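Asks: Spelled out from the first residue to the last, the chains are:
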Amino acid sequence: MKLRSLLLRGRSTGLTPAMTARRSALPAPQPIDSTPIDQARLVVLDLETSGLDLQRDEILSIGAVAIIGNTLQMADQFECTLLRPAHRASQATLLHEIAPSEVHAGCPAEEALLGLLEFAGRCVFVAFHAGFDQRMLSRGLRQDLDYRLQHRFLDVAELAPMLFPEAARKCSTLDDWQQHFRLVNSERHNAAADAQISAEILLILLHRAATQGTATLAELNNRLVLWRRLNLVRSSGF
Amino acid sequence: MSRDDSLDQMGRTAVKQNIHGIMTFLLGYPPFDQMETHHLAWLVEHCQLRFYAAGDAIIRPSDGPVQHFYIVKQGQVRGERRIAGQDTPDTTFEISIGECFPLAALIGDRATRTEHIAGQDTFCLLLPRVDFSELVGISPVFRDFALRGVSSLLQQVNLQVQRQAAETLGAHYSLDTLLAQIAIRKPVSCSPVTPIGTAVRMMHEASVGSIVITDAQAAPEGIFTLRDLRRIVAHGETDLQRPIVEVMTPSPCYLPSTASAFDAAISMTREHIAHLCVVDRGRLVGVVSERDLFALQRVDLVHLARAISQAESIASLVALRRDIRHLVDSMLAYGASAGQVTHIITLLNDHSVCRVIELCLRQHGDPGVPFTWLCFGSEARREQTLMTDQDNGMLFEAENADQAAAYRQQLLPLAQQINQALAECGFTLCKGNIMASNPELCLSRAEWQARFTRCIQSATPENLLASSIFFDFRVIWGEPAGAQALFGSVLDMVARNSTFQHLMARNALAHRPPIGLFRDFVTSRSGREKDTLDLKIQGLTPFVDAARVLALAQGISETSTIRRLQLLKQQEAIAALDADAYTEAYEFIQLIRMQQHQRQERERQPLSNRLVPDTLNHLDRRILRESFRQAQRLQSSLALRYQL
Chain A
1 MKLRSLLLRG
11 RSTGLTPAMT
21 ARRSALPAPQ
31 PIDSTPIDQA
41 RLVVLDLETS
51 GLDLQRDEIL
61 SIGAVAIIGN
71 TLQMADQFEC
81 TLLRPAHRAS
91 QATLLHEIAP
101 SEVHAGCPAE
111 EALLGLLEFA
121 GRCVFVAFHA
131 GFDQRMLSRG
141 LRQDLDYRLQ
151 HRFLDVAELA
161 PMLFPEAARK
171 CSTLDDWQQH
181 FRLVNSERHN
191 AAADAQISAE
201 ILLILLHRAA
211 TQGTATLAEL
221 NNRLVLWRRL
231 NLVRSSGF
Chain B
1 MSRDDSLDQM
11 GRTAVKQNIH
21 GIMTFLLGYP
31 PFDQMETHHL
41 AWLVEHCQLR
51 FYAAGDAIIR
61 PSDGPVQHFY
71 IVKQGQVRGE
81 RRIAGQDTPD
91 TTFEISIGEC
101 FPLAALIGDR
111 ATRTEHIAGQ
121 DTFCLLLPRV
131 DFSELVGISP
141 VFRDFALRGV
151 SSLLQQVNLQ
161 VQRQAAETLG
171 AHYSLDTLLA
181 QIAIRKPVSC
191 SPVTPIGTAV
201 RMMHEASVGS
211 IVITDAQAAP
221 EGIFTLRDLR
231 RIVAHGETDL
241 QRPIVEVMTP
251 SPCYLPSTAS
261 AFDAAISMTR
271 EHIAHLCVVD
281 RGRLVGVVSE
291 RDLFALQRVD
301 LVHLARAISQ
311 AESIASLVAL
321 RRDIRHLVDS
331 MLAYGASAGQ
341 VTHIITLLND
351 HSVCRVIELC
361 LRQHGDPGVP
371 FTWLCFGSEA
381 RREQTLMTDQ
391 DNGMLFEAEN
401 ADQAAAYRQQ
411 LLPLAQQINQ
421 ALAECGFTLC
431 KGNIMASNPE
441 LCLSRAEWQA
451 RFTRCIQSAT
461 PENLLASSIF
471 FDFRVIWGEP
481 AGAQALFGSV
491 LDMVARNSTF
501 QHLMARNALA
511 HRPPIGLFRD
521 FVTSRSGREK
531 DTLDLKIQGL
541 TPFVDAARVL
551 ALAQGISETS
561 TIRRLQLLKQ
571 QEAIAALDAD
581 AYTEAYEFIQ
591 LIRMQQHQRQ
601 ERERQPLSNR
611 LVPDTLNHLD
621 RRILRESFRQ
631 AQRLQSSLAL
641 RYQL
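These protein sequence lines are chains A and B, in that order.
Counting from 1, one number per residue, gives the positions in the first sequence under UniProt numbering.
Counting from 1, one number per residue, gives the positions in the second sequence under UniProt numbering.
No lab work stands behind these hints: they were computed from the structure.
Bear in mind that the values here come from a model prediction, so they are computed numbers and not experimental data.
What you were told as hints is all true, and nothing was included just to trick you.
For the chain A half of the interface with chain B, some residues (derived, Cβ under 7 angstroms), not all of them: (1) T71; (2) L72; (3) Q73; (4) M74; (5) A75; (6) Q77; (7) S186; (8) N190; (9) A192; (10) A193; (11) Q196; (12) L203; (13) I204; (14) H207.
All residues carry an ideal CB built from backbone N, CA and C; glycine is no exception.
Isolated chain B (complex conformation) (with noise of 0.2 angstroms):
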């Protein structure tokens, strides 16, 4: 009989009671819940029922080649590994009830490496070597799941997260939709001596808000949009049989087709336009509006950062910034990952920030100082969520201390309005005081390079701390020269100061992920924080202390954490496999904490970063704990390689 027959069979005759009980369990959990149901009927029936008494070895290195697929009927399996002259072995992992081992080794043929201990009395299903090979070859789904592990299972997770944000929208499209499958085809183009009257005819008739001017070769010249029009008319342009030429804007914005509408969505908000073109080898392929991107949408992007850049009170801004709670519901929604989502805010934020910068210039006067707003930390790194409280600093050129000085004087009060504006606007003051307002974070140049150069060269406790702020720096508003020519500095102090990255790893160690030997999660055990655990100092810190160190040591200019690990891993300080582990890893719990600011920002409560780990469902906690693991391996590699 061949394999079809056999499933096509299976799936006739009626399930027995067993098998039928088998996987009813099963399907409490992933992979097996998305398996096809006589594949999974097809695992069951191959499989052994073993019981292990706590204590008992299930596999160890030496038994040779794994000969089963295992699963976790009941209770726990845990590994433990031997390392050379340590007397007790190391618990790697826990496996609880419906999770597997050992993949790799399966997979790759081999012992495993990690001795598989039943931590309580436990029952296993074991699926002989063989069987597991055929299940590979017929169930996709479970092929995924073996070959790809728990990167499977993320995204299934991801694909979770935009159902759920869906519902309240209406998706339509990822955001890493190519622009090709997006962009209208017949792009509505004219030449440069149309008349106005004929363009806007044109577009009229096409029912587009745009028209692209090209060339003989159909290379773009220059766009005209509905906006444009409104603009000409308002300054009394009348005459119609003019040339388009006259009044189109010039060298428009374009992408490929092969960008994704993410990229189109970044390109409209830092411009602030709302058509794109698409270009393919210097041809114009296609048009893409921001109502393409966001059709259904109730907030849209390059309006919402317009409108931000354009507010007129702080006021305004304030009622402003309460769409991005939108925003954000609908790019999960959109698909759009953790990195996409913090990108976004930090853009928002940054136009937010300049905006009030300008608002307060206008009411203060000019204080007759050039100056140059700098951001640290979280804002830097463009890792922004809605929970974020200021860091920042002001940087101005003086020619010597005096001067330096009497130029703060006359730069305080406005960084302190600045300041407070910005809290009006919900970032929230910071506690350590590192702000523009505190006189020591508003310096010269050649004050900020004597404080950085102190920071490197004298690493007390204060100066490391200082350092995990101030080492993610960016010009935010103002002259970017002198800032920039600092940065780089800095960064090569850094990078030939191994003692000083030596302590930097070590500090990079300081916050442990929270998972411990026996238990999912360690959690606070008393009082208000009792059962909840930090998502940010506790599992995003130890990636960005980490990424830090290693790029700074590695001379990379680069701020954002994701940019910095696939950086480290173009230049081979890292793995590739590790760099996307931890990059994955990252994310999800940046995606976590996101989907939990959302949901409390609904409740009308306060934004919170302690998670109680037993809210979330099962899948989500496994890949939680699967992360905060990740985040163990980077310290552990981190302190072998600076051996502490």
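Same shape as in the complex, but just chain A (with noise of 0.2 angstroms):
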């Protein structure tokens, strides 16, 4: 694994010195800790991948929106195409609408996944099935731009029949919780659309942890560990 990222950095990436110098600029990520979950920048994120194979698969385009204080600002997220001149219509083409003539006039990976950062910023990464985000972006940046994620990840998969354990039984995925919620999403399969349905799912489910006086994000993922090992316990069959 060490020579396996050894090699990679010493192919390195087309970084020009512009975007080193961006690349050492970004902030750490937000720790989760006693910060109030209401003072914390969360970015909801959802990527759109050529499949879903963790090794292969690259991302396609992202699209990431923020909330803080419990409110989203329309101006404040990001949403990018990106420049694949390898890649070609697949499967999950049909899933994503993405044509290969518009990854092909994407951006280029390095600036996309560069100015994904800058836009995230200090933040806590939420998505809905966040494990497979995380390990898509992770690899990106260690490809791409030679950069380690260390961001946490909350998942919107656990945190809703978390906190909506009466919808827990009949929902499971996002077409499932949108629709639990009634909430419009103006084009599913879309990165940023994908992105801001999860967020208002967020908003939702945040405002349910507030008044149940989960404050912190560390009591947030408090929760979150127990309500997993009792998952856990559940399923195993105690």
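Got two chains here, separate frames each, mind docking them using the hints?
Replies: Right under this line is the structure:
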């Protein structure tokens, strides 16, 4: 693994000195600590990829929406389609509808990822099925930007059933939750629109958490850890 | 970067998906659907999105000056106002998807007076106050909406109605257009001594239908039209060398150039003329003809009025009355307001009633007793629509009770015949038998006086009900002096009797506007009328009844609801803003009702005042709800005034 990253570093991404400078200027991520939730910058992320293979597939587009103080600023958003010279249409193309031509006209990966990190700033990332986005992003950043992703991720797919156990039984996908909260998605499987929907769900979740007295990032995370354990116990049949 | 630059740039760069998504959502609702795209994009880019769970307070009076302009993206918000001494707050309004708040507080830079609470789980778009001000500065549409609120939407509805009607007809200008813009600027005119032949040649050369005869100062002395030419030729007048002054129609009707096309239409209809002089400061400045007013119209107003007044039989009258529907269609197309349309319908109805009376007299013979034909209710208020029933009576002079009884017996058969003939013409027989053929409504002046006095002095429920019909009255046919003296003394009696006013005010609260606490409209729950509301009884009657009480209390003899409201405003019995809001609301409900009648008539369905609110478009529904809310406000102010 170390060797692999050394090799990659050797191959060196097409970073200009200016980009390298921008990369070093990036702030440290927001830790999961006693910061009140409504004071932390939460960046809701959605990635559209060429497929589901964490090793081989690539990020095609990025949508991100920031929430601070339980408020979503419409202007505080990031969306970008990445330039992938080798990209061919695949099965996933049918889903996200990003035409190969669009990908060929996109923004260079280094620029896109740097842009995302600058937009994200000192934040906690939030996503639906966050594990996937975290791994895809992590690999992309390593390959294209030689950057180690240290940001913490919160998963809407976990927060939602934890905070709305009454709906947990019938909701599992993003579509389910979207329907449950009667939200309108302007364009499903568009990274920006999916990030927006996840962010709207997050606004509802944060409201519920606050009414239940969960005030800080650490408290929220502790509840998640407990909930996971409890789930594990339940599913193992105890 | 200047503001223009930033807008310019926005136009050039692609709009982001989520901004676009919200814009698409807003485009479904006024006033956003009318805004320039880049202004709308600017609005959305400056918005925040927030979530409120059901029951959350969004803004409160205690929060201080309002900091944001709110648009409901999802859910519903209700306004609650606490009234001293009342435990539960009053829901004063509901705001649903696509609607905004709190405009008045934002414009006034003050705190809200109403607590805004999320009625359901709700998402709102929030525009910060500074950005709201800036948007007011850059977008005329938004400014209009922000400053005039729902009224600006009302104007939009009127335009919409006009457009819809115009699609079938091709409208050219509105009835509010000033005569200065329509009238021929260089009217054909000549001096009184001009020979008839020369005058006719002048008309022919200019291809016009009339020539105005003026004195040296250009003041009109008379008018000569093609109709006059037909008349003199028919009478064998062939000496074309005689001066025109001998055959012209002297003292022609005229209006100033600041009068509207509608005023001209009314004058022509009333006088049965097709040409009208336009005179400013005593000088002829133009002539407007019926054809100028209704250039491409299939039905012309003046012709219709004249044809009705000269109809030779009840049957031809019945046929002519069908044209009134076409006329209403065209009037809506020419931008007439509900008030103008009902006024014209009433005018034509008056002509019809007069003609029916004349035809019946011809057939029946003179009863030997002079009588005056009275009308009550909507006809008296000049607020008739296509759906109208008879509310009429007869008044005659008699020296004593015996003579009155004898005269009544002579008049009743004629009254009976008139009522039947009117029914044939489409004036439905009154279910409550408020008709001249009812012996109780065919009375001498003294008997009428006694009847009214009884009504005012002993206020039984029936008397009160009767008062809501009889206290709107007007003479349609016959000698008016006796009836007018009667009305004058009745008005005096009411103005002096505060107990009666009080009871009338209570009666005016009997019909509540059909809006409820949580749902948009209150509609019937079951039966044939399920999901409908009554535009007339629930929507218009609250205005009509309240305006009547207030007007009678102020000694106002005018009978039309809108005129009453305007006079009450002039006498400062109602605040100017309120009077205008009530007028607009009343006219809007009437407009919706007329549109429904027009549609039913076209589809050959029976006319009905029952409306299914769900069939209205979003904008109409919203304004109708606002109009009913105005009716509620009028009733509350009446309740306060009379301590009910």
